[in-house]
Amino acid sequence: QKEVEQNSGPLSVPEGAIASLNCTYSDRGSQSFFWYRQYSGKSPELIMFIYSNGDKEDGRFTAQLNKASQYVSLLIRDSQPSDSATYLCAVNTNAGKSTFGDGTTLTVKP
Amino acid sequence: GAGVSQSPSNKVTEKGKDVELRCDPISGHTALYWYRQSLGQGLEFLIYFQGNSAPDKSGLPSDRFSAERTGGSVSTLTIQRTQQEDSAVYLCASSPHSGYEQYFGPGTRLTVT
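Residue numbers (this note's numbering), protein chains in the order written: chain A, 1 to 110; chain B, 1001 to 1113.
It should be emphasised that the hints constitute simulated quantities derived from the structure, not laboratory data.
The reader is advised that the hints may include incorrect statements.
Unchecked claim - Result set (SDA-like, lysine to any residue): computed pairs, CA atoms no more than 25 Å apart in a straight line:
hint	chain 1	residue 1	chain 2	residue 2
1	A	Lys-97	B	Lys-1015
2	B	Lys-1057	B	Gln-1080
3	A	Lys-2	A	Gly-29
4	A	Lys-42	A	Asp-78
5	B	Lys-1057	A	Glu-45
6	A	Lys-97	B	Ser-1073
7	A	Lys-42	B	Tyr-1103
8	A	Lys-97	B	Ser-1058
9	A	Lys-56	B	Tyr-1103
10	B	Lys-1011	B	Arg-1064
11	A	Lys-2	A	Thr-105
12	B	Lys-1015	B	Tyr-1100
13	A	Lys-97	B	Tyr-1100
14	A	Lys-97	A	Arg-28
15	A	Lys-97	B	Ala-1088
16	A	Lys-2	B	Val-1019
17	A	Lys-97	B	Arg-1069
18	A	Lys-42	B	Ser-1027
19	A	Lys-42	B	Tyr-1100
20	B	Lys-1057	B	Val-1019
21	A	Lys-97	B	Ser-1005
22	A	Lys-56	A	Leu-46
23	A	Lys-42	B	Gly-1040
24	A	Lys-97	B	Asp-1024
25	A	Lys-56	A	Asp-83
26	A	Lys-97	B	Val-1112
27	A	Lys-2	B	Gln-1041
28	A	Lys-97	B	Ala-1054
29	A	Lys-97	B	Arg-1022
30	A	Lys-97	A	Asp-78
31	A	Lys-42	B	Val-1089
32	A	Lys-67	A	Ile-18
33	A	Lys-42	B	Gln-1084
34	A	Lys-2	A	Ile-50
35	A	Lys-2	B	Leu-1039
36	A	Lys-42	B	Pro-1061
37	A	Lys-67	B	Gly-1042
38	B	Lys-1057	B	Ser-1007
39	A	Lys-97	B	Ser-1007
40	A	Lys-42	B	Thr-1030
Predicted model, so just to flag it, every value in this text is computed and none were measured.
In isolation and in its complexed conformation, chain B is listed as follows (with noise of 0.2 Å):
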């Protein structure tokens, strides 16, 4: 079946812009994470939904960040005035149930001038 979507694969932004990621977990899945991993270097959470409860944002590095669940299917994270330490690939994850194996989407390569 289809594995985890994300769009676009690359983005390059200008500072200050704002930015939207955009991820379309496997079916049926219905836990979905947002990570950050900088080059070199390890996963960095930010956002964690679990079904309809209220999703856990403890990872979110400033309020410049925001994530949206719609449906409890596809999901957005929104950049706000975008900064060049923001240049990262953004990978989203999904699960059949919070606690599960994740499975990871390609990424977005997010590159700010």
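One chain only, chain A, in its complex shape (with noise of 0.2 Å):
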């Protein structure tokens, strides 16, 4: 079992509905979690980050985490064409090391 495991995707959504990405993690100590954008060919970028139960708001992205159930989604309201990329889920634990899932791929249709 992967440290942290996301579908690979890719994730289909039409412009305007919402995306909504799932990252599991295995270690019950992670402490922090991100979301982190990736576009073709460039780096990643932070879009979030949580650390406590619940839900956090940034604009049109919503992160969950629910740490009884080891699970931390990224919700994105009103896709646009342009959030069309790799979205990377990221979980540390007291080590202070990140541990970077797979990615989903998700594209947004006109």
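Work from the hints to combine the two standalone chains into their complex.
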């Protein structure tokens, strides 16, 4: 079992829809959780981080964390073609090292 | 302010040669990470520095790979006797402290011929 698992996709949604990206992790000691976006040929860039159970909203993005279920998700509302990218989930333990999932590729169709 | 910078942006080398890749982190960031990403693949952790602590080298794939961080700032990743399977994009990231968000550099694309 991988430490951080994501559906590889591709996930395709129509423009204006909600895109839901999911991530599960195996280490119950994980403390902080991150979502990064990576456009083709570019470096990952931070979208959101979440440390506590519940929801955290930032514009069109909402991160959701459920530590009991070892599950973190990213919702993108009003999806735009410019949101088409690979989304990476990352999980940090007390050791400080991040473990990244392999990413979910999202395509938003006009 | 300035982000993470890496040099060179592209490096083509012959099999068996040594290469050095450089990373300049964001000023004041105490944590620095190196990753490798092959085409169409996820991020592979290589090594992590936090302040003056001993680095976490658990991701280095072989003893041909080494890294150092001088003065808690600039880092160099060295690959000795390069092999074709070393071809990938090497990404550096820095963080205000371990466990916090990471900021990535543009990467160095290494091609071993």
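These are the hints, each one checked on the structure:
1. A:Lys-97 x B:Lys-1015: Violated. Lys-97 of chain A to Lys-1015 of chain B sits at ~31 Å, over the 25 Å cutoff.
2. B:Lys-1057 x B:Gln-1080: holds, 16 Å
3. A:Lys-2 x A:Gly-29: holds, 15 Å
4. A:Lys-42 x A:Asp-78: This hinted pair holds, its Cα atoms lying about 24 Å apart.
5. B:Lys-1057 x A:Glu-45: holds, 24 Å
6. A:Lys-97 x B:Ser-1073: Distance of about 18 Å is within 25 Å: holds.
7. A:Lys-42 x B:Tyr-1103: holds, 13 Å
8. A:Lys-97 x B:Ser-1058: holds, 10 Å
9. A:Lys-56 x B:Tyr-1103: Given that 25 Å is the threshold and the Cα spacing comes to 20 Å, the pair holds.
10. B:Lys-1011 x B:Arg-1064: It holds: about 17 Å lies between the C-alpha atoms, which stays within 25 Å.
11. A:Lys-2 x A:Thr-105: holds, 18 Å
12. B:Lys-1015 x B:Tyr-1100: Violated, at roughly 37 Å.
13. A:Lys-97 x B:Tyr-1100: This hinted pair holds, its Cα atoms lying about 10 Å apart.
14. A:Lys-97 x A:Arg-28: Given pair Lys-97 of chain A, Arg-28 of chain A holds - Cα atoms ~15 Å apart, limit 25 Å.
15. A:Lys-97 x B:Ala-1088: Cα-Cα ~21 Å, so holds.
16. A:Lys-2 x B:Val-1019: violated, 31 Å
17. A:Lys-97 x B:Arg-1069: Measuring from Cα to Cα gives roughly 17 Å; hence the hint holds.
18. A:Lys-42 x B:Ser-1027: holds, 22 Å
19. A:Lys-42 x B:Tyr-1100: Holds - the C-alpha atoms of Tyr-1100 of chain B and Lys-42 of chain A are around 21 Å apart, at most 25 Å.
20. B:Lys-1057 x B:Val-1019: holds, 18 Å
21. A:Lys-97 x B:Ser-1005: Within the cut-off at roughly 21 Å; holds.
22. A:Lys-56 x A:Leu-46: holds, 15 Å
23. A:Lys-42 x B:Gly-1040: holds, 12 Å
24. A:Lys-97 x B:Asp-1024: holds, 19 Å
25. A:Lys-56 x A:Asp-83: The given pair, whose Cα atoms are some 19 Å apart, holds under the 25 Å limit.
26. A:Lys-97 x B:Val-1112: violated, 28 Å
27. A:Lys-2 x B:Gln-1041: holds, 15 Å
28. A:Lys-97 x B:Ala-1054: Measuring from Cα to Cα gives roughly 13 Å; hence the hint holds.
29. A:Lys-97 x B:Arg-1022: Holds, because 20 Å separates the two Cα atoms, which is no more than 25 Å.
30. A:Lys-97 x A:Asp-78: With a Cα-Cα distance of about 33 Å, the restraint between Lys-97 of chain A and Asp-78 of chain A is violated, given a limit of 25 Å.
31. A:Lys-42 x B:Val-1089: holds, 10 Å
32. A:Lys-67 x A:Ile-18: holds, 23 Å
33. A:Lys-42 x B:Gln-1084: holds, 22 Å
34. A:Lys-2 x A:Ile-50: OK: Lys-2 of chain A and Ile-50 of chain A at ~21 Å, within 25 Å.
35. A:Lys-2 x B:Leu-1039: Cα-Cα ~20 Å, so holds.
36. A:Lys-42 x B:Pro-1061: Between Lys-42 of chain A and Pro-1061 of chain B the Cα gap is close to 24 Å, so the pair holds against 25 Å.
37. A:Lys-67 x B:Gly-1042: Within the cut-off at roughly 24 Å; holds.
38. B:Lys-1057 x B:Ser-1007: Holds. Lys-1057 of chain B to Ser-1007 of chain B sits at ~21 Å (cutoff 25 Å).
39. A:Lys-97 x B:Ser-1007: Holds, because 24 Å separates the two Cα atoms, which is no more than 25 Å.
40. A:Lys-42 x B:Thr-1030: Satisfied, since the Cα-Cα distance of roughly 24 Å is no more than 25 Å.
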